[in-house]
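> Each chain, letter by letter, is given below.
2 protein chains.
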Amino acid sequence: MIVLKFGGTSVKSAARIKNVANIAARAAEGDPVVVVVSAMGDTTDYLVKLGRQISRSPNKRELDMLLATGEQISIALVAMALNEMGHKAVSMTGAQLGILTESVHTTARIVDIKTDGIRRYLDDGYIVVAAGFQGITPEGNITTLGRGGSDTTAVALAAALQARVCDIYTDVSGVYTADPNTVPTARLLKEVAYEEMLEMARVGAQVLHPRAVELARKHRLPVRVRNTFDPEATGTILRGADEMEIYRPVSGVTVDRHQARIAVLKVPDEPGVAGEIFSALAEHRISVDMIIQAFHRDRSVNDITFTIKRDDVEMVQSVMEAVAQKIGAEGVLTDEDVAKVSIVGAKLMDQPDIASRMFAELGKQGINIKMISSSDIRISCVVSDSDAEKAVRVVHDLFHLEEGE
Amino acid sequence: MIVLKFGGTSVKSAARIKNVANIAARAAEGDPVVVVVSAMGDTTDYLVKLGRQISRSPNKRELDMLLATGEQISIALVAMALNEMGHKAVSMTGAQLGILTESVHTTARIVDIKTDGIRRYLDDGYIVVAAGFQGITPEGNITTLGRGGSDTTAVALAAALQARVCDIYTDVSGVYTADPNTVPTARLLKEVAYEEMLEMARVGAQVLHPRAVELARKHRLPVRVRNTFDPEATGTILRGADEMEIYRPVSGVTVDRHQARIAVLKVPDEPGVAGEIFSALAEHRISVDMIIQAFHRDRSVNDITFTIKRDDVEMVQSVMEAVAQKIGAEGVLTDEDVAKVSIVGAKLMDQPDIASRMFAELGKQGINIKMISSSDIRISCVVSDSDAEKAVRVVHDLFHLEEGE
Chain G
37 MIVLKFGGTS VKSAARIKNV ANIAARAAEG DPVVVVVSAM GDTTDYLVKL GRQISRSPNK
97 RELDMLLATG EQISIALVAM ALNEMGHKAV SMTGAQLGIL TESVHTTARI VDIKTDGIRR
157 YLDDGYIVVA AGFQGITPEG NITTLGRGGS DTTAVALAAA LQARVCDIYT DVSGVYTADP
217 NTVPTARLLK EVAYEEMLEM ARVGAQVLHP RAVELARKHR LPVRVRNTFD PEATGTILRG
277 ADEMEIYRPV SGVTVDRHQA RIAVLKVPDE PGVAGEIFSA LAEHRISVDM IIQAFHRDRS
337 VNDITFTIKR DDVEMVQSVM EAVAQKIGAE GVLTDEDVAK VSIVGAKLMD QPDIASRMFA
397 ELGKQGINIK MISSSDIRIS CVVSDSDAEK AVRVVHDLFH LEEGE
Chain C
37 MIVLKFGGTS VKSAARIKNV ANIAARAAEG DPVVVVVSAM GDTTDYLVKL GRQISRSPNK
97 RELDMLLATG EQISIALVAM ALNEMGHKAV SMTGAQLGIL TESVHTTARI VDIKTDGIRR
157 YLDDGYIVVA AGFQGITPEG NITTLGRGGS DTTAVALAAA LQARVCDIYT DVSGVYTADP
217 NTVPTARLLK EVAYEEMLEM ARVGAQVLHP RAVELARKHR LPVRVRNTFD PEATGTILRG
277 ADEMEIYRPV SGVTVDRHQA RIAVLKVPDE PGVAGEIFSA LAEHRISVDM IIQAFHRDRS
337 VNDITFTIKR DDVEMVQSVM EAVAQKIGAE GVLTDEDVAK VSIVGAKLMD QPDIASRMFA
397 ELGKQGINIK MISSSDIRIS CVVSDSDAEK AVRVVHDLFH LEEGE
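Note that the protein sequences, when read in sequence, are chains G and C. Just add 36 to the spot in the first sequence (first one is 1) and you have this note's numbering. Just add 36 to the spot in the second sequence (first one is 1) and you have this note's numbering.
Where hints are given, some of them may not hold.
The list treats identical chains as interchangeable, and a pair is accepted whether it falls inside one copy or across any two copies.
[Stated by the list, open to error] Taking lysine to aspartate or glutamate and the EDC-like style, the derived pairs with C-alpha atoms no more than 20 Å apart in a straight line are:
1. Lys54 to Glu268
2. Lys362 to Asp421
3. Lys254 to Asp389
4. Lys48 to Asp81
5. Lys96 to Asp160
6. Lys150 to Glu175
7. Lys254 to Glu175
8. Lys345 to Asp373
9. Lys345 to Asp207
10. Lys124 to Asp160
Just so you know, the hints here were simulated from the structure itself, not pulled from any lab data.
Taking the hints into account, I'd like the entire structure generated from these sequences.
Following this line, the structure appears as structure tokens:
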């Protein structure tokens with residue numbers, strides 16, 4: 037059997053719902069099918085706004101009760117469309133699907149899926165239209181799964197039902213070597229490793245929510261990213277790096293332009309001072325990305341530099357100024373003219389010269405590198421924001437990512 | 037404990053939802069409270085329209101899945117408003133309330149209510165905000181109750197929880213002796229018998245759905261009709277005729293202006309011919325109200341006259357013409373210039389001169405009576421539509437209904 041998932045833009049009108057029903061019906065010719073859908077278009081935003089008119093911070097249990105109606109509307113309409121076309125189809129809410137979650141509202145995690153009900157319908161030849169994003173607690177309260185919830189529902193259902201594949205339909209054709217708007221020669225990737233996808237999501241390429249990718253990786257479930265408006269195209273398949281048919285050290289180049297850089301200058305080189313800085317950030321729930329500690333010549337002080345989300349700059353600056361005073365640092369510098377350009381590849385480490393070639397080429401093209409960080413499967417350079425797009429093109433060309441697999 | 041019910045106009049905006057929360061909170065000072073709400077304003081119409089865009093006759097199971105979201109939205113918002121005001125409140129869907137119905141979609145009847153869940157919340161001091169209009173089948177499918185569903189939910193919950201009273205909040209102040217738009221001296225009734233209310237609903241005074249009244253009567257549950265926008269007023273209480281404190285033969289005058297009269301002329305006086313007429317009507321699901329069979333002088337033929345809803349005239353005329361030909365009647369006459377004026381009173385039979393006084397007064401005032409029918413607690417006259425309002429005023433004056441109890 038297979039699981040198909042359609043996001044909000046894919047079901048935002050009657051015409052689009054009929055398109056989704058067509059895709060599901062065609063898939064059902066070959067396999068038993070479960071279709072997971074999100075709320076229509078802006079429905080969730082509309083519901084949130086409605087709640088805000090009642091309360092500035094609405095009761096979370098009641099917010100979940102409210103938001104869950106969004107998917108309930110779309111599943112009913114998709115199931116109607118399938119019935120209208122002469123197919124046996126039935127919609128199921130999170131509760132009816134047996135999607136049990138923690139007793140936490142607005143960001144619940146799935147604990148278990150009781151598949152008896154859904155299996156009974158599948159065995160009877162029904163296409164099951166499942167509400168994404170929602171579940172139920174053991175006490176019977178409706179919960180929602182938070183960001184990426186519908187992707188997570190689809191992958192979790194596919195894993196629980198031992199589906200052979202989970203197709204995530206979206207409004208792009210799959211995962212590209214780079215953003216085609218920046219790099220005209222960007223190429224659609226036929227396959228991507230789970231780990232690469234996670235890194236790409238982290239550095240700004242949001243096709244599939246990382247939570248869902250993690251879950252797919254855990255269950256070794258193949259996930260295809262496909263285009264709702266070009267359903268014949270095969271899209272990109274996500275699988276384990278060891279299962280990939282194609283060898284390549286670099287899979288893609290991404291850019292994150294919502295970054296800023298903060299430097300705490302001349303921090304005394306004493307035990308605990310770095311701790312002061314990062315616990316202050318943690319207290320304010322600021323997630324820090326790259327961290328660099330640079331020596332000064334006299335070795336009694338260090339500069340500590342890190343990157344954050346640009347939206348957090350003002351808050352972080354004031355927090356850091358207080359910390360700097362407390363620990364006896366010289367001051368705080370902020371730099372919003374930054375962007376992070378990264379290359380991602382599950383087999384990056386197989387070719388140790390990749391990093392040096394990247395740095396050299398950027399230098400040759402006159403692009404100054406402000407910071408560097410790397411992981412097993414990613415190398416990131418912070419550059420000036422105005423250099424960002426050029427840097428992406430330079431790196432894309434350097435590794436010939438436009439060439440077919 | 038008490039049950040309060042608010043219809044769609046009472047919850048159609050954030051401001052009105054806050055008003056509802058205020059009324060509920062005030063009620064909760066004295067008693068444990070269950071608040072039953074309908075879908076906001078035009079939400080149900082909007083959802084039906086959405087369904088129609090997908091299918092001209094939507095799958096009924098899916099239509100119920102779709103429509104049930106309407107009440108789910110309002111319960112969440114009302115519970116949010118109560119929480120915002122600092123009260124403990126929790127919303128519950130039909131499924132969570134344990135409202136078990138038949139496995140019939142769009143017009144399900146309530147079979148049983150499992151009150152454990154709701155009682156637990158009430159015992160813990162919560163105001164329970166319950167979704168009207170919806171239930172769940174033993175198999176776990178969402179159903180809706182059809183017309184008057186939310187009123188029915190409220191009364192059924194009140195009966196199951198042995199509430200001391202069920203308050204139906206609406207946009208009028210209660211039940212009047214006549215429509216105040218027609219009769220400026222119309223008076224609000226302090227109490228009305230269940231049977232009177234049923235007759236009034238049948239002849240056009242739609243304050244509370246007859247289904248809910250029947251249920252209240254069955255359980256001898258006191259129901260108050262009150263005004264959402266004047267919550268201090270006591271409204272009208274419905275109770276058994278034998279429990280009423282006030283004696284009066286005539287409680288109110290109603291008028292139904294959506295009537296038409298059909299006469300099948302010179303029907304042969306043979307066994308079975310009347311059966312032909314009324315089974316043809318039943319086949320077309322036409323409900324017939326008054327029926328009169330008049331002799332002709334020669335006694336071998338009769339005229340059979342009956343009233344129907346004016347909307348059905350064309351269809352009934354063509355059906356009757358076919359029947360007339362088949363049974364050898366002379367022809368079919370239709371009369372759309374009719375209205376039905378009725379007096380209702382649980383103790384009407386106690387004063388046998390009421391009917392004759394009504395007919396005499398109408399005649400004296402130059403109003404021609406076209407048809408008459410009566411039941412234990414109702415006397416109806418069909419008059420010309422142009423006489424309808426005058427007839428209501430004449431009868432209201434005749435029985436001094438404007439005078440206080």
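> Go through the copies and call it for Lys54 and Glu268: within, between, both or neither, with a Cα cutoff of 20 Å.
within (16 Å within a copy, 50 Å between copies)
> When Cα atoms must be at most 20 Å apart, do Lys362 and Asp421 count as within-copy, between-copy, both, or neither?
The answer is neither: 32 Å in one copy and 89 Å across copies each exceed 20 Å.
> Using 20 Å as the alpha-carbon threshold, which applies to Lys345 and Asp207: within, between, both, or neither?
neither (26 Å within a copy, 52 Å between copies)
> My question is about Lys345 and Asp373: at a cut-off of 20 Å on alpha-carbon distance, are they close within one copy, between copies, both, or neither?
Classified as within: same-chain Cα gap 12 Å, cross-chain 75 Å, threshold 20 Å.
> Check Lys96 against Asp160 for me: Cα-Cα at most 20 Å, and say if that holds within a copy, between copies, both or neither.
between (37 Å within a copy, 19 Å between copies)
> Is it within, between, both or neither when you check Lys150 against Glu175 at 20 Å Cα-Cα?
both (15 Å within a copy, 15 Å between copies)
> Within a copy, between copies, both or neither: which one fits Lys48 and Asp81 at a CA-CA cutoff of 20 Å?
both (13 Å within a copy, 19 Å between copies)
> Taking 20 Å as the upper bound on the Cα-Cα distance, should Lys124 and Asp160 be classified as within, between, both, or neither?
Intra 9 Å, inter 44 Å, cutoff 20 Å: intra-copy only.
> Treating 20 Å as the Cα threshold, decide for Lys254 and Glu175: within, between, both or neither.
Neither, since 28 Å and 34 Å both go past 20 Å.
> Between Lys254 and Asp389, at a C-alpha cutoff of 20 Å, which is it: within one copy, between copies, both, or neither?
neither (31 Å within a copy, 86 Å between copies)
Violated hints for the displayed structure, listed by number in ascending order: 2, 3, 7, 9.
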